[in-house]
Every structure is written in C-alpha cells, then in structure tokens.
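Protein chains: 2
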Amino acid sequence: MYSESLVKLGKVRSEIREIFEYANKRKAEIGADKVFDFSIGNPSVPAPETVNNAVIDLVQNFDSVALHGYTSAQGDAKVRQSISDYINQRFGTKLTANHIYMTCGAASSLTIVLNAIMLPQEECIVFTPYFPEYGVFLERTGAKLVPVESEEKTFQIDIERLKKAITEKTKAVIINSPNNPSGVVYSVETIQKMCALLKEKEKEYGHSIFVITDEPYRELVYDDVEVPYIINYYDNTFVCYSYSKALSLPGERIGYIAVSPSMECEEDAYAAICGAGRALGYVCASSMYQRVIEKCLDDTADISIYKRNRDLLYNSLKDMGYQCVYPDGAFYLFVKAMCEDAHEFCEKAKEFELLLVPADSFGTPGYVRVSYCVQTKQIEDALGAFKKLAECYQ
Amino acid sequence: MYSESLVKLGKVRSEIREIFEYANKRKAEIGADKVFDFSIGNPSVPAPETVNNAVIDLVQNFDSVALHGYTSAQGDAKVRQSISDYINQRFGTKLTANHIYMTCGAASSLTIVLNAIMLPQEECIVFTPYFPEYGVFLERTGAKLVPVESEEKTFQIDIERLKKAITEKTKAVIINSPNNPSGVVYSVETIQKMCALLKEKEKEYGHSIFVITDEPYRELVYDDVEVPYIINYYDNTFVCYSYSKALSLPGERIGYIAVSPSMECEEDAYAAICGAGRALGYVCASSMYQRVIEKCLDDTADISIYKRNRDLLYNSLKDMGYQCVYPDGAFYLFVKAMCEDAHEFCEKAKEFELLLVPADSFGTPGYVRVSYCVQTKQIEDALGAFKKLAECYQ
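Chains as they are written, first to last, in this note's numbering: chain W, 1 to 394; chain C, 1 to 394.
Hints in this document: simulated from the structure, not taken from any laboratory.
Just so you know, not all the hints are guaranteed correct.
Same chains, same label: a pair holds when it works inside one copy or across any pair of copies.
Dumping the calculated PhoX-like pairs for lysine-lysine here, alpha-carbon to alpha-carbon at most 25 Å [as the list claims (entries may be wrong)]:
| hint | residue 1 | residue 2 |
| --- | --- | --- |
| 1 | Lys-318 | Lys-153 |
| 2 | Lys-8 | Lys-169 |
| 3 | Lys-78 | Lys-27 |
| 4 | Lys-25 | Lys-388 |
| 5 | Lys-348 | Lys-193 |
It should be emphasised that the depicted structure is a prediction, and the values quoted were computed from it without experimental measurement.
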C-alpha cells in the first residue's frame, strides 16, 4: 500500500538513535555527568555571535515581506553573488552567482545533485568509511552504490582499488574530506592522483565522470592543514557545501551547491540542478538564513575547542594503546576496536559508561567512531573509563 | 549526461517568472506605480509581530546549541505535541505528536507524501484548476496525474466526473481548498459527497484510496466561511499544511504533514513518510522556525487586508461585466477571459499595464488568475485599466 522500501527505511532504527535513547535512560539512572556519550555528531560549540546578531538585525531592520518572502528557486541573487565572490577570493576560482544554487544543507545538496545526474543502473563510487545515507539517496535514483576500500591506516583513497572499481557505468565519485567518520583530510597528492585517473577513464569510456565533493567539515581543520578545493583540480565537479558545522547551524538547513564553471555542458548541469530541486519539492532555501550566512561568510564557530578536544582525546587514547587515525579535521576519532567485532567492543565500553558508535554501517567493520564534539570536561572525566576498557584487552 | 527531464524542467521558464521579468522592465521604463502587477502569489501582508518577537526571544534566550541543533527527523517532540493539541482543540480530532511530521512547507509535504504512497503506474486525481507542480512532483514517482474537470461556474468538485475518472489504479486524490487559483472553498456537502464516493470505490476495488489535502490557504478565508477538516470526514487522509500564507513566511519553508489517526496501517503510513523525507534529503525542518511557529499557532498575518482587497476587486470587476468566481478564500480572483484565448487576453491587458496570469497551465484554458495579495492602492489605481480592458470586448 505504501512504498515498501520507504516504510522499511522509516522504521529502521539507526544505531546512533538507539544509543541516544540508551544514553537518556542511563543518564536518568546514574546522573548525566556519569555517562560519557561520544555518539552524537551535533556541534557542541555555539554559533558565533555574528549569526545571532545577523538574525536580530535582519528581523528588526529588513522589510518583513522581503525578508520572509520567496527567493528565486536557486537562491537570492545577491547572496549567490556574495558566496561566489567569497569562494573566488579564497580559492582563485572563477565562479559567478549562476554557479551557485542555495540548498537546505548538505543532504539536500547531495540528493539534488544525485537526482540531476544519476540515471538508473549507473554507478556511483564512494570510499570507505562513508556516510551511510549516500546509499539511501542513491537508491531513489535507481543507481548503484559502489564502495571502494581506502588505504589501511591512512584512510587516503587507494588509487589501485579505485582503478579496478571504475567501469563503463561509473557516472560519479563522492568524496568527503574532512571525512565523517575518520577525520582524515585527503592530501593534495591523493586528489591529484584521483583526478588524473578519472580524466584518463573519462577518455577511455568517452563520457564524463563527475566528482561530488561533500564538504560540511571543510572549515573544521586544525594545524593549518590544507583541504584542496576540488574545482581547481577537476572540471566536472559539484561542491556540496553546508554551514551546519562551520557556523554550528545544523538544524537550520542551509548550504549550497557550487557547479564548476569548467563543467561539461555547464548550463545543462545547472538546469538539471534547478529541475531536480523543483521536482524534489525544494522551493527555496530559508530566505532569512540565506541572508544570515551572507553576513557571516568569513566567520566560523570557535573551532579551537574542537582542536583542544582532538588533541586531548587522540594523545590520551594513543598513550593507552588504542590504534587510531590522526584526524586532521571534522570532530571524530576513528578507533580500531580491540576485538574483531566492533559491536561487541561497544557493548563492553558500555560497562564503563562509554557510548561509542560501531562503524560497520560506514563500510568499515572493526572500527568505532568517537565524536569529540562534546564538552572538554566530558573527555577529561572519561579518560579513566577509556583506560579501563583498554585494560580489558591487554 | 544529465537527467533529460530535469534539465528540461530546470530550463522551462515559468509564465509567472516571465511576467515578473516583464514587470521589472516595464516598471523601469514607466515607473513602478504605473504598472499593475497582479501576477505574484507572494503574501503582501507582513508576518505578525509575534513571529519576529518569537525569533528575537529564541535567539536571545534559548540555548544556541539546542536552538540551532538538529531536531529529530520528524520534528521537535514538543513542537509536534503543541501542533497536535492545537488541531485537536480546533477540529475535535484525536491526533498525537506521532501523527505530525514537520516539513519545509507545502511543496515538501506533498513530495514526501507522494513518494511515500504513489507507486509507478498508479494514478492520482486532481481537480481543475490545479497547481501545475502537482504534475512535476508526481512524475518523479512514476505515477500518473489524472485531471478531473470541476463544475462550471462554482468550481466545486464534479462528483459524476470524479466517479468516471476513478479506476482500479487510483491511489490518491489531491484537493486544494481554498483553491489556488480559483479562491473556491469546497463546501461540506462537496466533501461529504466526495468522501462517500471514495469509500464506495475503496470497497469496490478492495484497496485504500488516499485523500491528500493541500492546505496552505486554510487560514485565508473571509466572512466566517468554514473549511471542512478532512480528517473528520475521511480516514485515509494526509493533511499537507504550510505556514507560508497563514504567517506570511513563504521563504522560511515551514509546515507539516498530519497523518489521520484512523488511517489504514497508520504506523506504516507514518514510517513511509519518515522514510520518504529521509530519502529525499530532508534532514529536519528548520529547528528555529519549528519553535517560532509553536509560539504563533493561534496567530495569522492580518487577513483583513486580503478581504478588503477581495471585496474591492471582485465587486468592481463584476460591475464592469467581468465573469468571475466569488472567492471565499486564498488571495486570487479567477476571471473568465473575454476572448477565447487567455494568452491573447493577457497580452491585451498589457496594453493597459495590467499583468495577469493565463490559467492554461492550471488545466483551465480561457481563464486568468488575478492575485490580490497587493497593496490596496494598486487595485484602486488599476480599476480604470480593468474598465478599459473590458471595453475592448464590448
């Protein structure tokens, strides 16, 4: 009677949700400060003051009918101009307002791009570990998700494995750097090698292969790490950006798609984006939040807090004997479970009130994700528990 | 290379958009007050003060991380509880928070419901005149749009025609009352007859037929007209509500789906809604605007302005010899063109600087839509032009 696959999807209780509910129950039982919840990917740092000031300023001084009225479907022209100017200045690109399409965050950027380009039976490559929703989004287009295992330990793209995975049906590759859940940032070298291979394969198969770069964590990098701007390396690129993490506004659903000015049939690409947004029911992104982010383009939430958390957690866990990837960005630590089964490891962790997420659904069994977008005090208080957990396996 | 149908959709320049651009050009040429633009469906009345006060209060007094953080996909539990309480109190229904799913406005409410229930080849009935985007939304599900002509003059549902249109493949019926573009409100009698027929057909074919009621104009009714609450008349009902017009917030994209508590396999229905929202990339509706509308549930923009406009425009045009439906709601006057071709009529209107929308794309050739969500002065100033236009056909 209803779409069977969607009923199933709606009923699947996500692991993270299960942990969330367990956390609430446990907190009620033993007190919130005794439960060390590292399962959530919600920014713990408030939005910068500029955001709230912009909201108040707009509501008080901007004409209400214009402020809350429809913008054009692709977004307010002035906002799009400001964003393209900002990107050009920062990355040396040549975008115009007509390469920017405002969206309700990264998830909608992705569904819009995927609907615009993926046809049934075509293939879209992703690299482990990858965000499980990619599979959900792709399924509705009729296209196929093809996971490619990353290099061990570094979690950079394994170019040889990628080479083997590309077929005539390959239409797109999704990259996510800084990565959720590994925290890894792809190096310039990785990006150059990947782009060279894709160009070679485009020639070999005689059709375009698109790179979709999912970048909600772009601003969350530490120690002056550079995140290569893919449009500068590869023509057929769609950038899916979100302000969720940069400005700590995940609930407000605001982001954009940037279409490379050098993309093949670039006007058709942008038209397909507009068509997909319309067909999926996205009338426009929030008219007020479009104008809010325009006033905060150069700003971010206080990232230094995440860096402090990263340093404390990474160094402490390494000292205890945990094996983990050094995260250059995002707010996750990707830790090898100390036994084969990550679920079993997470159950054991619960005995010490540590709530971790098994990474099986990210395509990487045997690993767990530890979110450090938490109060630093929680990390300090949890170190004893992490130590006891490690001791169970020594 | 891209989805052909979506490229085409993205390139189609809507008639209303064309008129919008013509209006801007013409205003620059002869002055804004000389151009009488009746083409736009954007609320002209500002949001009530309570909305802006709620925004400022939330930003100043609500914890920033919670305010701008993700809510659950179906929406904040407290907000959903408040909405279901409000609906129950107003319409005597028995909804709970778990029958409400917060959305980014009516368009996303519709795409989510249609994706949840419509399978390829199934049929969805709409009544002329109908919102052309219904066809766009349905096309992506693989289902078929079946337009049924309404009664002449009254534009109520023609039950005999509906009876003939229902087949074994009929899965849903979309109603839109108050109607865009006719302004007509379906009477209790119309709704009762429609529901009786649908129940009969459900029995005959042995499967559910859903009513999807698209209600962005529910609050915009004049003279104490009653808009029947469909859940009270028919079990298998999805209400697609939006605050766009009620609170003059069309750009903020906030609304909800209400699933009837008596719906067949109600839990599956709600799960399918959740699954569809997820698959289409709707993570959650704006976390801040969810809480804003919670504080304004009993409020609306100043509707009396639309009533004043309606009375002035309808009475004046009737006096001039125009044939038009008396609009009980929304902010449109549906006028019979004075020649056969509505496009030709709108071209003629342009000679008097009147910008009207031909209603061919709404499935009703020979009619034009006149939006009266404008400053009252524009209507007063335009009456001479309407008179001259009528005189061309006398």
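Each hint, compared with the structure:
no. : hint                : verdict
1   : Lys-318 <-> Lys-153 : within (14 Å within a copy, 78 Å between copies)
2   : Lys-8 <-> Lys-169   : between (28 Å within a copy, 23 Å between copies)
3   : Lys-78 <-> Lys-27   : between (47 Å within a copy, 20 Å between copies)
4   : Lys-25 <-> Lys-388  : within (23 Å within a copy, 73 Å between copies)
5   : Lys-348 <-> Lys-193 : neither (41 Å within a copy, 62 Å between copies)
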